[in-house]
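Protein chains: 2
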Amino acid sequence: MNNSALLTDLYQLTMMAGYYENNLNETATFELFVRNYPKNRNYLIFAGLEQILDYILNLKFTEDELKYLRNHPVFKDVKDDFFNYLKDFKFTGDIWAMPEGTIFFPNEPVMRITAPIVQAQLLETYILSMFNFQTMIATKASRVTTASQGRQIIEFGSRRAHGPEAGVLAARASCIGGCIGSSNVYAGHKFGIPIYGTMAHSWIMAFDNEEEAFEKYHKLYPDNTILLVDTYNTIEGIKKATRISPKIKGIRLDSGDFYNLSIEARKILDDAGMQNTIIVASGDLNEYKIKDLIEREAPIDVFGVGTELVISADAPSLGGLYKLVEIEKDSKVIPKAKFSQNKNTYPGKKQVWRFLDKNKLIKDVIANEEESYPQQNAIPLLSLIVKEGKLLFALPDINQIKQHCLNNLSILDKQSLDLKNPTCTKVEISENLENKHNQIKDNLCNT
Amino acid sequence: MNNSALLTDLYQLTMMAGYYENNLNETATFELFVRNYPKNRNYLIFAGLEQILDYILNLKFTEDELKYLRNHPVFKDVKDDFFNYLKDFKFTGDIWAMPEGTIFFPNEPVMRITAPIVQAQLLETYILSMFNFQTMIATKASRVTTASQGRQIIEFGSRRAHGPEAGVLAARASCIGGCIGSSNVYAGHKFGIPIYGTMAHSWIMAFDNEEEAFEKYHKLYPDNTILLVDTYNTIEGIKKATRISPKIKGIRLDSGDFYNLSIEARKILDDAGMQNTIIVASGDLNEYKIKDLIEREAPIDVFGVGTELVISADAPSLGGLYKLVEIEKDSKVIPKAKFSQNKNTYPGKKQVWRFLDKNKLIKDVIANEEESYPQQNAIPLLSLIVKEGKLLFALPDINQIKQHCLNNLSILDKQSLDLKNPTCTKVEISENLENKHNQIKDNLCNT
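As they're listed, the protein sequences go chains F and V.
For the first sequence, the positions run 3 to 449 when the working numbering is used.
For the second sequence, the positions run 3 to 449 when the working numbering is used.
Treat the hints loosely; a few may be bogus.
A pair counts as met if it fits within one copy or between any two copies, since identical chains are not told apart.
[What the hints assert, rightly or not] Cut-off 30 Å, straight-line C-alpha distance, at most; resulting in silico cross-link-like pairs (DSSO-like, lysine-lysine):
no., residue 1, residue 2
1, 428, 192
2, 345, 242
3, 251, 351
4, 242, 331
5, 241, 41
6, 62, 293
7, 81, 291
8, 428, 249
9, 269, 249
10, 41, 242
11, 362, 78
Hints are computed from structural coordinates only; laboratory data are not their basis.
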């Protein structure tokens, strides 16, 4: 991934210069959260933290980049001091965050950054784009894997992701959300994600006939032969597959009516004594279609899910926000909040407390940082992971994050995971926090 | 951008090994096209070629990547020869393409790659993800800028794009499609795209009061002051803005009812003698909302468009395809086609001819490569740009591509650009190509 400090919006840099020139580089706290549920969602899975930390802890401005900025007309009245400061830019703040793979709900801060405002301001654009995308995909993947009731889901969508990097990030987030792996090789190499593949229509078409294409593939990959059977005529393709070897691992359906084709395919395979040959289906699948196929007992073992997963088709954007909640001025802490129409925020550093009873989620409470509920079987979800610019722990690997996500899902009741009529988790604002909010609003209206 | 050869699907590599091991490394031709119009679209703008060529002409496998592949269980029966071949991988083929910014329609190949099949196969995933995304965004941007009837559109969506790279690519594609620029600094530096910005709510909130925030910003950026007026109360914010200086460049509305607010803002500004102070609006905008605001004569000068543009919200994926159309075996050219349900393709190398009359588009004809219509005022859209692995021309810069796109749009009649009831351009398949297609189908069914 690219860590250029320029992966940001111009106004972050103009504001930074403004803070710097006005000697306003006080310590500020920003929080990352989502205001509303995206369409069809009643929980979200936090993902993208590893890439966000990698960016924050390693970003620097190259000479070339600084020259570009220095020469941009908008900065003509900004003094050189600021650009010299950027030359030595280093993040020196504290970061609190939920672990990746944690389930969270609207208004809950998943990450809290406290740093000189010049530093904290710069990070907004990158943090949001990474958080918004991976969280959206991990959540979608969780819905798809929940719908599959144990059948395996592989992420197959790189070609329809929003560019090559989005394909890699989608593979990672899909894995966190429950997929067994991806077709993306870069994601396999970089993150240790299991990678899978079958064959394309071009393989079949490159040979003189379908049977030869099947044979040649099986000869080279005797233990990993999954034959794509729909290039010319699906049923004929399946019959040809049975003649290749009883040891082929599977067949893949990539078009047509998956329900009827899978029934027919299972029969043809079973009649040929190939009870262990699996059926893979791919092509325009999503959680609703998979749920339907499984309810009708379609004998499909593995679903390859592409487009709808990697663009989160029914909810293709997530509106994460990164908002100033507190500033320290002359050793005084000043809580901050915003009161635009439908866009208000809660002031001050916050913590999220999760109340459990017998390992089931009762409610979450968003509270001021200094509040505490340890005696009530509640656990705080945010913890300090970066102190004064230093990472305190080794980050978990993808398997640990995935396991954490699974553990988190297990605390939701069954109805919360229903695709059509899910119940929503109760999220409360603590009385103290609500009071603080009202107090600031009153002060503001009276000035 | 990252050029790792591993930015691909695993099956491309397993198929490559298969072709290699079977001495099937014949010259093959693949074509890139879209089968159907995405929702609400009646034309597409080709974008992403520069990044695709950069990838193809520079990709190589690092030792580390080869080691990862060599050790992957799926390749256990593949001989070392193949990995030695990958070590020296170099693209040696020919590429024909439409220029970036060209308008095209379903079934028209926008790019044609002829190379040893082992090379051509590898490229599919990257080509599709780059083409699908940038083409989708350039097309969306074109719709938004058409709707704006000359008011300026700036792309503001990095934080909602599908990851940081998608933000940069969206900025580029938006510019091709007609935006005057982007907020993305990396895109500015890398592609020479004009970059713009105002200020965030955090800037306002970092000061003791709104007026101080406005003043401090104006002092530092006297020629570039666009004040964000909705942090607390929009109308009060606009009034405060008039007290800062009559020379401020503009104000930005970021919430509320843009129609009423812009009318009121214009009145407040005009009454203060600030007729030249512009009004910028941002927040959940798209082509339909912009069209409506302009039809109602809302006095908004610049629209900042974010989420809906960078994810192409009403059509968030594009189904580009990269299909084998021809293979050369023992010096014989064998045209290839696919006949799956609703997924058939046309065989052989193709050219697209555009028929114009008085600079207006009459129709396009998709023909066999060797057909020719020069006497009928028709121009071929595909030209040779890479020969035996070498780029033949310097690629155009972003401004040239944007101008080419504008010129292309001008050949469409007004009704083709209507957002609600557009007419569709006529695209014909040449008689020769149709015959070739039927002939292959007959042959296949008789074997």
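### Intra- versus inter-copy proximity for residue 249 and residue 428 (alpha-carbon distance at most 30 Å)
neither (51 Å within a copy, 50 Å between copies)
### Alpha-carbon proximity between residue 242 and residue 331, which holds within one copy, between copies, both or neither at 30 Å
between (76 Å within a copy, 24 Å between copies)
### Message
My question is about residue 251 and residue 351: at a cut-off of 30 Å on alpha-carbon distance, are they close within one copy, between copies, both, or neither?
### Response
neither (54 Å within a copy, 35 Å between copies)
### Query
Taking 30 Å as the upper bound on the Cα-Cα distance, should residue 345 and residue 242 be classified as within, between, both, or neither?
Close across copies (21 Å), not inside one copy (61 Å); limit 30 Å.
### Task
With 30 Å as the alpha-carbon cut-off, assign the pair residue 62 and residue 293 to within, between, both or neither.
Answer is neither; intra-copy 47 Å and inter-copy 42 Å both fail.
### Task
State whether the alpha carbon distance between residue 269 and residue 249 is at most 30 Å within one copy, between copies, both, or neither.
Within one copy only: 17 Å inside a chain, 79 Å across chains, cut-off 30 Å.
### Query
When no copy is specified for residue 241 and residue 41, does a C-alpha distance of 30 Å or less occur within a copy, between copies, both, or neither?
Neither: 43 Å inside a chain and 37 Å across chains, both beyond 30 Å.
### Query
Given a CA cutoff of 30 Å, do residue 428 and residue 192 count as a within-copy pair, a between-copy pair, both, or neither?
neither (38 Å within a copy, 46 Å between copies)
### Task
Have a look at residue 362 and residue 78 and pick one of within, between, both or neither, based on CA distance no larger than 30 Å.
neither (58 Å within a copy, 45 Å between copies)
### Task
At 30 Å max between alpha carbons, let me know whether residue 81 reaches residue 291 within a copy, between copies, both or neither.
neither (59 Å within a copy, 41 Å between copies)
### Query
Using 30 Å as the alpha-carbon threshold, which applies to residue 41 and residue 242: within, between, both, or neither?
For residue 41 and residue 242, the Cα distance exceeds 30 Å both inside one copy (44 Å) and across copies (38 Å).
Hint check: violations occur at hints 1, 3, 5, 6, 7, 8, 10 and 11; the rest are consistent with the structure.
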